[in-house]
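Number of protein chains: 2
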Amino acid sequence: MLQMDPMRPLDPALPITPQLTQRLRDRIIRNHLKPGDRISETEIAKVYDVSRQPVREAFIKLADQGLLLIRPQRRTVVSRIAYQDVLDARFLREAIEADIVRLLAKTRDDALIGTLRAQIELQKRVHADDLETFTQLDEQFHRMLADAVGKAGTWSFVEGVKAQMDRVRFLSLFDYPMALLIEQHTQIVDAVEARDLDRAEENARQHLRLMLDYLPGVIAANPSFFDLPEGGLAPSVNTPTLGGEYT
Amino acid sequence: MLQMDPMRPLDPALPITPQLTQRLRDRIIRNHLKPGDRISETEIAKVYDVSRQPVREAFIKLADQGLLLIRPQRRTVVSRIAYQDVLDARFLREAIEADIVRLLAKTRDDALIGTLRAQIELQKRVHADDLETFTQLDEQFHRMLADAVGKAGTWSFVEGVKAQMDRVRFLSLFDYPMALLIEQHTQIVDAVEARDLDRAEENARQHLRLMLDYLPGVIAANPSFFDLPEGGLAPSVNTPTLGGEYT
DNA sequence: ACTGCCATACTTCCATACAAGTTTGCAATA
DNA sequence: TATTGCAAACTTGTATGGAAGTATGGCAGT
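Residue numbers (UniProt numbering), protein chains in the order written: chain A, 1 to 247; chain B, 1 to 247.
Simulated from the structure, these hints should not be mistaken for lab results. All residues carry an ideal CB built from backbone N, CA and C; glycine is no exception. It cannot be assumed that every hint is accurate.
Ranges between beta-carbon positions, derived for each pair [what the hints assert, rightly or not]:
hint: 1; chain 1: A; residue 1: 230; chain 2: B; residue 2: 109; range: 14 to 24 angstroms
hint: 2; chain 1: A; residue 1: 113; chain 2: B; residue 2: 177; range: 34 to 44 angstroms
hint: 3; chain 1: B; residue 1: 37; chain 2: A; residue 2: 216; range: 49 to 59 angstroms
hint: 4; chain 1: B; residue 1: 71; chain 2: A; residue 2: 156; range: 13 to 23 angstroms
hint: 5; chain 1: B; residue 1: 113; chain 2: A; residue 2: 136; range: 45 to 55 angstroms
hint: 6; chain 1: A; residue 1: 230; chain 2: B; residue 2: 139; range: 23 to 33 angstroms
hint: 7; chain 1: A; residue 1: 10; chain 2: B; residue 2: 42; range: 19 to 29 angstroms
hint: 8; chain 1: A; residue 1: 10; chain 2: B; residue 2: 196; range: 48 to 58 angstroms
hint: 9; chain 1: B; residue 1: 147; chain 2: A; residue 2: 186; range: 43 to 53 angstroms
hint: 10; chain 1: B; residue 1: 217; chain 2: A; residue 2: 11; range: 40 to 50 angstroms
Which bits of chain B does chain A cover? Going by a derived footprint, with three or more residues having C-beta under 8 angstroms, they are [as the list claims (entries may be wrong)]:
hint: 11; stretch: 80-88
hint: 12; stretch: 151-165
Here are a few chain A residues that sit away from chain B, every Cβ distance over 10 angstroms (derived from the structure) [what the hints assert, rightly or not]:
hint: 13; residue: 15
hint: 14; residue: 23
hint: 15; residue: 30
hint: 16; residue: 40
hint: 17; residue: 47
hint: 18; residue: 61
hint: 19; residue: 64
hint: 20; residue: 71
hint: 21; residue: 92
hint: 22; residue: 100
hint: 23; residue: 122
hint: 24; residue: 151
hint: 25; residue: 154
hint: 26; residue: 184
hint: 27; residue: 206
hint: 28; residue: 228
Generate coordinates for the entire structure from the input sequences, incorporating the hints supplied.
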């Protein structure tokens with residue numbers, strides 16, 4: 001497993017800012033830095049033994065992704081997980097991946113099907129408690145779908161939005177429906193192979209809607225990590241989806 | 001009309017970086033700064049009479065949006081309009097707005113319909129050569145759709161992606177199909193009012209596919225502004241859509 | 001005329017210093 | 001004890017200086 005020790009020195013030969021951004025992003029998404037934690041440019045600069053400037057630039061990037069909240073002249077804190085942001089990110093992913101999968105089914109490529117099935121086999125081999133590895137494989141699977149229809153550039157935008165969803169993912173360490181997710185991956189590939197556009201799309205949408213089922217439980221278990229709308233959870237009002245169940 | 005003179009001094013009471021970012025972004029999107037133009041931190045800093053630091057931060061933001069290409073230790077140039085980026089941005093918008101409009105038709109709100117129709121009336125009153133005003137109204141129209149389904153946050157994501165599309169828009173100053181766009185807006189609202197989910201979605205998709213018809217002409221008229229794939233335009237290969245015409 | 005080398009100028013990246021505003025805590029006062 | 005005022009210690013925003021690398025143009029040599 002990759003070392004994630006925050007104190008491991010950076011590689012001075014490589015550009016500092018991207019390294020810092022990645023490290024801090026990981027620490028936030030994995031909840032090592034918890035929502036509400038204060039974080040200051042000078043502090044981080046000291047820890048990694050660099051100047052404030054690259055730290056600042058990393059902060060700005062993370063603030064753009066909604067992971068930090070910079071209040072000028074006041075402080076910078078790790079932002080809580082905005083409920084609405086999670087829903088928005090999920091909505092975007094569903095919309096985008098629905099079309100990607102539909103395209104994929106339309107332009108089916110047999111070699112690709114094989115690659116995808118092999119990748120799913122890797123997912124099955126992951127131990128039930130190794131969320132880390134599974135997350136990487138899951139991410140890879142979805143990126144492969146985008147790549148396959150020539151929309152690799154599209155996926156990089158999705159990644160920028162995914163941050164809030166990933167934080168939720170790392171909070172649901174237990175009762176993670178790994179087997180179900182793998183089964184859904186298989187069903188998506190099945191539908192693509194069958195060139196069934198509608199079924200492929202519907203399977204992808206259901207797959208991406210699954211987190212909505214688990215979100216309330218994760219929030220209930222970690223209420224202080226979330227930034228909820230007034231009056232607590234009322235998903236039926238604020239988060240209509242196209243599925244019907246959540247309208 | 002808003003003053004866009006690049007030399008107008010910034011407001012020193014407000015944060016410099018966002019002001020700079022906005023100004024530069026406008027100048028690039030409106031092609032005052034043309035693809036390939038060199039641009040340097042010190043130069044811009046002198047023009048606006050600020051230090052290099054906020055300029056640098058603005059550069060980074062614009063590079064993230066694909067408007068600038070920063071080559072460390074070499075130079076920074078206004079990036080050409082990447083053909084693939086335009087297609088990707090359009091694809092994302094179609095996927096997202098298709099779902100937004102579908103949701104809208106599902107949760108129809110009579111008051112909203114009236115607001116939208118009134119907004120379309122404003123579009124009709126714009127003079128044929130006033131692309132500036134029409135662009136603002138068109139943008140507002142689409143944002144209203146997102147707002148109406150509680151997906152305002154989603155729209156800010158779209159805005160980040162839209163930059164490359166907007167550059168194309170400002171290149172197609174003439175033969176701009178304003179009347180057709182307005183007609184399509186009307187058809188979208190009609191379908192929403194009729195609660196016809198499928199037709200609303202299809203109308204939105206067609207609306208957002210329209211630029212594909214004009215893109216080749218714009219490119220042919222401004223070839224040096226674009227960054228084309230090897231061997232020139234082959235949209236039928238590289239840009240499958242769900243519509244069928246471009247598959 | 002043409003080629004290869006080298007000094008110079010220019011670029012971004014990082015470090016450091018300063019400015020402006022906010023928070024914090026203590027002390028003075030009622 | 002409670003409250004008010006102020007000063008010091010923070011915060012981020014901006015300015016400036018130096019370092020490392022690259023483009024550029026002139027000059028020497030052929």
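Which hint numbers doesn't this structure obey? Checked against the structure, the hints that fail are numbers 9, 13, 18, 19, 21, 22, 24 and 25, while the rest are satisfied.
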